[in-house]
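Visitor: For reference, the chains in residue letters:
2 protein chains.
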Amino acid sequence: MTRKPAIEDAALALFASEGFEGASLGRIADSVGIRKPSIYAHFRSKEDLFLSVFKRTLRRKQQVLFRQVLHGANRPFEDNLYDLAEHLMDEYESDAETRFLLRMSYFPPRSLHDEVMGLVNPFFEQAERSLTRLLQRKENAVRLHPGGAHEAALAYVTVLDGVLAEAIYGSRDTAAKRLKAVWPVYCRGVLRP
Amino acid sequence: MTRKPAIEDAALALFASEGFEGASLGRIADSVGIRKPSIYAHFRSKEDLFLSVFKRTLRRKQQVLFRQVLHGANRPFEDNLYDLAEHLMDEYESDAETRFLLRMSYFPPRSLHDEVMGLVNPFFEQAERSLTRLLQRKENAVRLHPGGAHEAALAYVTVLDGVLAEAIYGSRDTAAKRLKAVWPVYCRGVLRP
DNA sequence: TTTAACCTAACGACCGTTAGTTTGTTTTTG
DNA sequence: CAAAAACAAACTAACGGTCGTTAGGTTAAA
Numbered sequence: 001m002t003r004k005p006a007i008e009d010a011a012l013a014l015f016a017s018e019g020f021e022g023a024s025l026g027r028i029a030d031s032v033g034i035r036k037p038s039i040y041a042h043f044r045s046k047e048d049l050f051l052s053v054f055k056r057t058l059r060r061k062q063q064v065l066f067r068q069v070l071h072g073a074n075r076p077f078e079d080n081l082y083d084l085a086e087h088l089m090d091e092y093e094s095d096a097e098t099r100f101l102l103r104m105s106y107f108p109p110r111s112l113h114d115e116v117m118g119l120v121n122p123f124f125e126q127a128e129r130s131l132t133r134l135l136q137r138k139e140n141a142v143r144l145h146p147g148g149a150h151e152a153a154l155a156y157v158t159v160l161d162g163v164l165a166e167a168i169y170g171s172r173d174t175a176a177k178r179l180k181a182v183w184p185v186y187c188r189g190v191l192r193p
Numbered sequence: 001m002t003r004k005p006a007i008e009d010a011a012l013a014l015f016a017s018e019g020f021e022g023a024s025l026g027r028i029a030d031s032v033g034i035r036k037p038s039i040y041a042h043f044r045s046k047e048d049l050f051l052s053v054f055k056r057t058l059r060r061k062q063q064v065l066f067r068q069v070l071h072g073a074n075r076p077f078e079d080n081l082y083d084l085a086e087h088l089m090d091e092y093e094s095d096a097e098t099r100f101l102l103r104m105s106y107f108p109p110r111s112l113h114d115e116v117m118g119l120v121n122p123f124f125e126q127a128e129r130s131l132t133r134l135l136q137r138k139e140n141a142v143r144l145h146p147g148g149a150h151e152a153a154l155a156y157v158t159v160l161d162g163v164l165a166e167a168i169y170g171s172r173d174t175a176a177k178r179l180k181a182v183w184p185v186y187c188r189g190v191l192r193p
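One line per chain: the protein sequences are A and B, in this order.
Residue numbering for the first sequence follows full-length UniProt numbering, beginning at 1 and increasing consecutively.
Residue numbering for the second sequence follows full-length UniProt numbering, beginning at 1 and increasing consecutively.
Calculated directly from the structure, the hints in this document are not laboratory data.
Possibly wrong hints are sitting among the right ones.
One copy or any two copies: either way a pair holds, since identical chains are not told apart in the list.
Claimed, not checked - As a list, the in silico DMTMM-like pairs of lysine to aspartate or glutamate whose alpha-carbon atoms are at most 20 Å apart:
1. 177 to 128
2. 55 to 115
3. 180 to 128
4. 46 to 18
5. 46 to 93
6. 46 to 21
7. 36 to 86
8. 138 to 30
9. 180 to 125
10. 177 to 125
11. 46 to 8
12. 4 to 125
13. 180 to 18
14. 177 to 21
15. 180 to 91
16. 177 to 30
Given only the sequences and the hints, what does the whole structure look like? Please build it.
Guide: Written out as structure tokens, the structure is:
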């Protein structure tokens, strides 16, 4: 009957909404229902707690993302990419893990900047490579504008980040409007005429 | 011989790199070369200092942006939009005001969330409207894909945020690659074939 | 002589962290 | 099988440090 997962969950939620410096161990302990020093039975320090939560989150999201991209059925690739963007946009509102991951990738704790980026960068680079490989498969490549699959992949992640940015400082509604507007533009831009 | 502007400059730099909670009045005072309580000769509280800096920054950036978009010479609009994106991307690296504005728009101090967003949202909404109006001018509108100027404007700000996102958690170099990749896609997507 | 801009000293609150203790469960042993 | 030992997970108390903030004094310009 250990509270370790509960501590990680509470830390995740508070880190996501208040940032690393803004979230205190006292508040984390409160929201679990334990005393502040009890956290040290499971984690050596606040940074240790943070890294543990961050790695766990990265691992989970990697799995989910992998399944979602792989499990592409046999629809046109752009439909799958649209669904993925819509899914991530929705998740930013509903899922604290997504908010946490995004916020900490943008602005990691200063003392852990290099370590966090050492974890985040491979994550996004691999996602980008997977996407490029998907677009290079010949049934997709023939439908692409002769600019190349890599260009289409880079453009996609850029558009995706733009939509997510609006989900962060705007709302799900305004982000949805952006996605609806940018998507036809993206498709005309990457698909063969 | 008042240090008020110096305090604002130091606060801006520290807020930009450490966030609101991460930047302490002590460090701000240190970097100005005064004592911490002296700040209270000019600002009623840390939040007051923040809001003062934030409003000043918003005002300045609004002017700069306005001039840059207006002063469009008579080149094709897409060239001006490209230059603007490149300019903002470079600025994120070189200009603390841009980093400050972007970071605080994404993740404002929790206690000031509503007030900050009440300032930020009109700023971006007006920028978006200006852009739409620019694209609606007939010499530009005739060159646009029949999806409309508003779609092209929304798509642009989305793409721009995507590039800036990479400037934040990546580097100027990787952001530049994104811009180079996404730009032909954007142009094919919004221009009449 | 008033006023503005700085100073020193100090406040209470909260921060992350450590030490040492209690408690209840699991494991080992007579 | 029951007693004893070991262990893990919580606790209380308190640490030194830093936080934002206030009170009150000094100095120099207006």
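Visitor: All the hints need checking, so say for each whether the structure fits it.
Guide: For each hint, the structure was consulted:
1. 177 to 128: Between. Shortest inter-copy distance 13 Å satisfies the 20 Å Cα cut-off; intra-copy 25 Å does not.
2. 55 to 115: Within. Shortest intra-copy distance 11 Å satisfies the 20 Å Cα cut-off; inter-copy 34 Å does not.
3. 180 to 128: Answer is between; shortest inter-copy Cα gap is 16 Å, intra-copy 22 Å.
4. 46 to 18: both (14 Å within a copy, 17 Å between copies)
5. 46 to 93: neither (26 Å within a copy, 30 Å between copies)
6. 46 to 21: Both: 10 Å inside a chain and 16 Å across chains, each within 20 Å.
7. 36 to 86: neither (39 Å within a copy, 47 Å between copies)
8. 138 to 30: Neither: 55 Å inside a copy, 60 Å across copies.
9. 180 to 125: between (26 Å within a copy, 17 Å between copies)
10. 177 to 125: between (28 Å within a copy, 13 Å between copies)
11. 46 to 8: This pair counts as within: shortest intra-copy Cα distance 11 Å, inter-copy 31 Å.
12. 4 to 125: Classified as neither; 31 Å inside a copy, 44 Å across copies.
13. 180 to 18: Result: close neither inside a copy nor across copies, 30 Å intra and 35 Å inter.
14. 177 to 21: neither (33 Å within a copy, 32 Å between copies)
15. 180 to 91: Within one copy, since 17 Å is at most 20 Å while 29 Å is not.
16. 177 to 30: neither (38 Å within a copy, 45 Å between copies)
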